[in-house]
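Those protein sequence lines, which keep their order, are chains A and B.
First residue of the first sequence: -19, per our numbering; consecutive thereafter.
First residue of the second sequence: -2, per our numbering; consecutive thereafter.
Calculated directly from the structure, the hints in this document are not laboratory data.
A couple of the hints might just be wrong.
[As the list claims (entries may be wrong)] Computed footprint of chain B on chain A; a stretch qualifies when at least three of its residues, placed anywhere within it, have a C-beta under 8 Å from a C-beta of chain B:
1. 12 to 19
2. 90 to 103
[Stated by the list, open to error] Distance ranges between label pairs, derived from CB positions:
3. A:A69 x B:P289: 56 to 66 Å
4. B:W290 x A:A65: 52 to 62 Å
5. A:S9 x B:A364: 16 to 26 Å
6. A:S9 x B:G130: 55 to 65 Å
7. B:A206 x A:S9: 35 to 45 Å
Ideal placement from N, C-alpha and C gives every residue a C-beta, glycine not left out.
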Amino acid sequence: MSETVYQQAIKALAEAAHGSGRLEHPDGSSRLDNPLCGDRISLTVRLEGDVIAAVRHETRACLLCRAAASLIGLRAPGRSRAEMADVAAALEAMLTTAAALPPAWTELEAFAPVRAHPSRHGCVLLPFKALNAALGPSS
Amino acid sequence: MSIAHELRAQFPFYAPKAPPDHYLDNAATSQIHRQALDAMVRQETSRANVQRSPHRLAEAATLAYGQARERAGRFLNAASADEVVFTSGATAALNLVACCFGSTLKPGDEVVLSAAEHHSNFVPWLRLRDRAGIRLRVLPVLPNGRIATASLADLVTERCRLIALTHCSNVTGAVSDVKAAVAAARAVGARVLLDGAQRVQHGPVDVQALGADFYAFSGHKCFGPTGVGVLWARRAVLDALPPFLTGGGMVGTVSLEELSFAPPPARFEAGTPPIAQAVGLGAALDWMMTLPWAEIHDYESALLARLLEGLARLPAVRLIGPGDLDARLPIVSFEVAGVHPHDVCQVLGERGVALRGGHHCAQPLFAALGSEGATRASIALYNDFADVDALLAGLEHALRVLS
């Protein structure tokens, strides 16, 4: 089963570490911990209007969390704040109720095997929560 | 047949015909002994509240609860069962001390902790510092995770009122040098609190020989149920403390004009206590007191040695804690280079090896050791060499899967 959770797509995403680093003069930043396992992510974001222009993260975490952060680094730029909020909600719903994912975000299917492991849901969701925290409330 | 296999017959966990998990997460929670489970079922099947009524069921409940207190007292070699306070667990017991003993402290008074404490014996003191203006002094740890008791000479001053230490680290398995801490405390008239949560799984304790003033532990870590724990304290120490929670059962007189409190232990047991859990814990402790602990200690040490030797053969593994067998219990934490402990636990968990990963509620210790987290295996008396071997084989598999 672990071969399923740790499938190649997850390992490749984690290894690629898309968007790793830190933005100078960001419009928003956050640092979140997963108190259960010690995962930590620091995330910075730059906005153009309501659209994410750039995002960088420093992630010291398990493979699932690093993969999720990497996916944000890869796919969040160019997306609106609202779309990312919807994606985060859809991912959480997929993990907890097997709900469908937005068509444009099929890469998230790689996290589907995590559904059977509730203690790991927080690992996948932590980067999305960090992005949400960095974006702050919409003005 | 090893002693573990004789003992397994007494644990419902090992009853199914299918091979159970290689359960090596005993430092988090041990499996429950059948005697404890049966005692709880009996207690809950025809139950009543304690110390409330003279009817037969109430009297039986009161007697059973009192017997559980006596058993806990004997397990700890307390001078009297009245020195035993039932709580919801070690965390509640430690918070009770921080609240009640803490209320007797004045700004500038000092409490000495160690960097090896579980958050349960760290956070309550941080909160008290912020609330009451006391000063915390923290004993550092050596590179092998042992508490640097040599620092007692520098950190224990005339302002010290309490030394609060773990009896055994939940991360490294290192047993603390209690004798040194007690001597340092006595020299300045301070009290000593020991967090015995990890120690009690490995045999009865003699609080009088230790020289402690407070001792805390949880039922679920010594083959009893969850939801119950013990705070032991010397009678004179308990007598001098104000109550913790308030309500029924802990009072003397109550009116608008007058409020007085019951003597210990009732003073610290407001409301209906965890009766069945206490009875179950008493049954577990009663069973533990019948066991050949010298033989069990040798057996657990042999398992520990096999585990330490196996880990030492894996170049990717770095031990967090002492590598020797002296003054340590079979709790073993380790890092795997380039692999997060949560991922190690996931892969091994799916092979039936139950471990725990992360900072183990000991963030100050991990910070002191320059580690971001570790995987932990913890051995109890029912584990066997197959459990240890499954862990070692699983680690090699995890390295292949996760690399």
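Contradicted hints - numbers only: When the structure is compared with the hints, numbers 6 and 7 turn out to be violated.
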